[in-house]
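Number of protein chains: 2
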Amino acid sequence: MTLEGRFDAADDVVRVGGDARQRYHDSRGYGYPLSGNEIALAPVEAAHLLYRGDLEAVVDVDGGERLGFREFISREPGDDFGVRFLVYADLRSRGFYLSPAAEPWVADPPGGAADFAVFPRGKGPGDGEIAYALRIVGERTDVPAAELRPGVLAVVDEESEITYFEVDRRDPTGSSGADAALPDGCEADLLADRVVVWEPPLELYEKTFYGQPLEGREYDEPTLQCSLLEAAYLAERGAIDLEPATVRERGREVEGERFDRRLRVYAALRERGVVPKTGYKFGADFRTYADVESVENLGHSELLVRVHPAGYVFEPRDLALDVRLAHGVRKTMVFALVGEDSAGGDGIEWWSLERLTP
Amino acid sequence: MTLEGRFDAADDVVRVGGDARQRYHDSRGYGYPLSGNEIALAPVEAAHLLYRGDLEAVVDVDGGERLGFREFISREPGDDFGVRFLVYADLRSRGFYLSPAAEPWVADPPGGAADFAVFPRGKGPGDGEIAYALRIVGERTDVPAAELRPGVLAVVDEESEITYFEVDRRDPTGSSGADAALPDGCEADLLADRVVVWEPPLELYEKTFYGQPLEGREYDEPTLQCSLLEAAYLAERGAIDLEPATVRERGREVEGERFDRRLRVYAALRERGVVPKTGYKFGADFRTYADVESVENLGHSELLVRVHPAGYVFEPRDLALDVRLAHGVRKTMVFALVGEDSAGGDGIEWWSLERLTP
Numbered sequence: 001m002t003l004e005g006r007f008d009a010a011d012d013v014v015r016v017g018g019d020a021r022q023r024y025h026d027s028r029g030y031g032y033p034l035s036g037n038e039i040a041l042a043p044v045e046a047a048h049l050l051y052r053g054d055l056e057a058v059v060d061v062d063g064g065e066r067l068g069f070r071e072f073i074s075r076e077p078g079d080d081f082g083v084r085f086l087v088y089a090d091l092r093s094r095g096f097y098l099s100p101a102a103e104p105w106v107a108d109p110p111g112g113a114a115d116f117a118v119f120p121r122g123k124g125p126g127d128g129e130i131a132y133a134l135r136i137v138g139e140r141t142d143v144p145a146a147e148l149r150p151g152v153l154a155v156v157d158e159e160s161e162i163t164y165f166e167v168d169r170r171d172p173t174g175s176s177g178a179d180a181a182l183p184d185g186c187e188a189d190l191l192a193d194r195v196v197v198w199e200p201p202l203e204l205y206e207k208t209f210y211g212q213p214l215e216g217r218e219y220d221e222p223t224l225q226c227s228l229l230e231a232a233y234l235a236e237r238g239a240i241d242l243e244p245a246t247v248r249e250r251g252r253e254v255e256g257e258r259f260d261r262r263l264r265v266y267a268a269l270r271e272r273g274v275v276p277k278t279g280y281k282f283g284a285d286f287r288t289y290a291d292v293e294s295v296e297n298l299g300h301s302e303l304l305v306r307v308h309p310a311g312y313v314f315e316p317r318d319l320a321l322d323v324r325l326a327h328g329v330r331k332t333m334v335f336a337l338v339g340e341d342s343a344g345g346d347g348i349e350w351w352s353l354e355r356l357t358p
Numbered sequence: 001m002t003l004e005g006r007f008d009a010a011d012d013v014v015r016v017g018g019d020a021r022q023r024y025h026d027s028r029g030y031g032y033p034l035s036g037n038e039i040a041l042a043p044v045e046a047a048h049l050l051y052r053g054d055l056e057a058v059v060d061v062d063g064g065e066r067l068g069f070r071e072f073i074s075r076e077p078g079d080d081f082g083v084r085f086l087v088y089a090d091l092r093s094r095g096f097y098l099s100p101a102a103e104p105w106v107a108d109p110p111g112g113a114a115d116f117a118v119f120p121r122g123k124g125p126g127d128g129e130i131a132y133a134l135r136i137v138g139e140r141t142d143v144p145a146a147e148l149r150p151g152v153l154a155v156v157d158e159e160s161e162i163t164y165f166e167v168d169r170r171d172p173t174g175s176s177g178a179d180a181a182l183p184d185g186c187e188a189d190l191l192a193d194r195v196v197v198w199e200p201p202l203e204l205y206e207k208t209f210y211g212q213p214l215e216g217r218e219y220d221e222p223t224l225q226c227s228l229l230e231a232a233y234l235a236e237r238g239a240i241d242l243e244p245a246t247v248r249e250r251g252r253e254v255e256g257e258r259f260d261r262r263l264r265v266y267a268a269l270r271e272r273g274v275v276p277k278t279g280y281k282f283g284a285d286f287r288t289y290a291d292v293e294s295v296e297n298l299g300h301s302e303l304l305v306r307v308h309p310a311g312y313v314f315e316p317r318d319l320a321l322d323v324r325l326a327h328g329v330r331k332t333m334v335f336a337l338v339g340e341d342s343a344g345g346d347g348i349e350w351w352s353l354e355r356l357t358p
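Chains as they are written, first to last, in full-length UniProt numbering: chain A, 1 to 358; chain B, 1 to 358.
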């Protein structure tokens, strides 16, 4: 005997009586208990039961209409119903239990903008263990950087394909250059959009990996070409004989306000023992090397870093692009969100996003 | 005996006498002849000869200073000297002859914003055959879409690495759906950001590849989920029973003015026998299939298409990202530039960009 539910748009739940508690809640993790054997279902849960034929129909308490799957979903009950339903159905089909991230579905819901609490495979709502805090967006929904939380972000594209991203804090650390001394006052020339350093000590490139040698010159010490960013950092430390303010000013002429933001991240990475080099070929700001002993024994860079202001708003399409590219070149995508300097910190939040197959 | 040149900033050339004509021009493709054996060199050509030690020095005719390589380049003679020199040196080291894309260096220079004419390997300026029209930009230089020309675009990043792109017109063509008829007035529901089509004929998905089936339902004909774009196209042709204007209005609510632009490109691709599906996972607007007979025998999509207005201005970093990703998934990146409808055309220009190793 299949059951029917009663949908009340006033509080956006579907109530089901009969033996609903045992049938849907206890054994299959839908809804939350009311009095007796009655349960309350979120709209996506009710839609899923209709979809599977487990619930016969849902009666709208206002007008009395009897709604099948089709009629129920075309009412789109609740916000973002379509994308939430698609992800709910996808994760259920992959063998996960999941509940709306709110009381009374879960006792201690994850905060932030989480839509669902997803339980570890084999476990359910009653086991008290959450695997993922899941947020669901359509591909056209803006995601402010301030709303990032550790957990899973599911993006539903316009053709209902779902891409899952694992979002986490990811502070870069490394051991590069811990003992290396910088040279003092190397001669350098400032060109339109780069700097040439004449005859620096070999170690500047070969050990601490600053700059890029110009090829084909017969000198004891190679001529190095540095980016304005590297040059500003070196000038600030007296390693090259340019005025730091002049180099920074040139940097701002070339790339506007991005320059100072990138310079803060560059400096923070160097201070963490990580070597940042340009990420241009990957469309990122930096590619980073965590443990550079010498350029001869250089491995592959591990991270791609993109720099944004703290108030940045992500478009999911750009997230897909960045993360996909990083994955394709076996690196992890990290976003550096640059805010005001805070006491005791560098004002930068580091977040990694990686593709996830649940 | 090495020669010296005379640099005149008034006309930005370096003149060299002695046997310069035979030594630099006739056998090695630098500069253009003046009277007698004298030649004129562009600043990058003179810099390259200084760099290689072939030219001893360049004397500035104004002040009389004798300039070596270092002094000459820190004057940055001419626009964009640094990036032009780096690319000139790179292509020379790869065995190419190249000349400034202007008279009198070449008799029939390529137009547009080309900086150099690059000759086929083994051929020089006198052979009258140009392999590439080469344009050089730094990674921070804007490239208006209106300036795209068939040829090569060299982008020099902040650390002097060079990425070469082959730029060409690339009109998509295909054989998909040439004979297929669309259904008539299938029932459909418009949801917030997608459309559900109820029980359409199987061929709508399986032959003409519209939409995406919802899984797991026991029906003779599958329920299809379509993007607003697909739905607008189908509604305009009476294939589904929604008002075209209503679907388009919803599309604009969801993605603003991009919607109409994407719809024009979607329709143009379908008319060309190409099937466009969403490119979200690749950060593009569409992935396209040229020869779809049935979804069962579907190969891989060949193109990634990104839609821009005709007045768009590219940032080289975004070009690097798009092209790199396309290359990584073995597809070609195509940009669809959407302008005003023109008489007899669809107002769309199609350009492909591919990585090139010269």
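One should not assume that every hint holds.
In silico DSS-like pairs for lysine-lysine, Cα to Cα no more than 30 Å straight-line [what the hints assert, rightly or not]:
| id | chain 1 | residue 1 | chain 2 | residue 2 |
| --- | --- | --- | --- | --- |
| 1 | B | Lys281 | B | Lys331 |
| 2 | A | Lys281 | A | Lys331 |
| 3 | A | Lys331 | B | Lys207 |
| 4 | A | Lys331 | B | Lys281 |
| 5 | A | Lys123 | A | Lys207 |
| 6 | B | Lys123 | B | Lys207 |
| 7 | B | Lys207 | B | Lys281 |
| 8 | A | Lys207 | A | Lys281 |
| 9 | A | Lys281 | B | Lys331 |
| 10 | B | Lys281 | A | Lys281 |
Calculated from the structure, these hints are not laboratory results.
Original post:
Which of the listed hints are broken here?
Top reply: Hints 3, 5, 6 not satisfied by this model.
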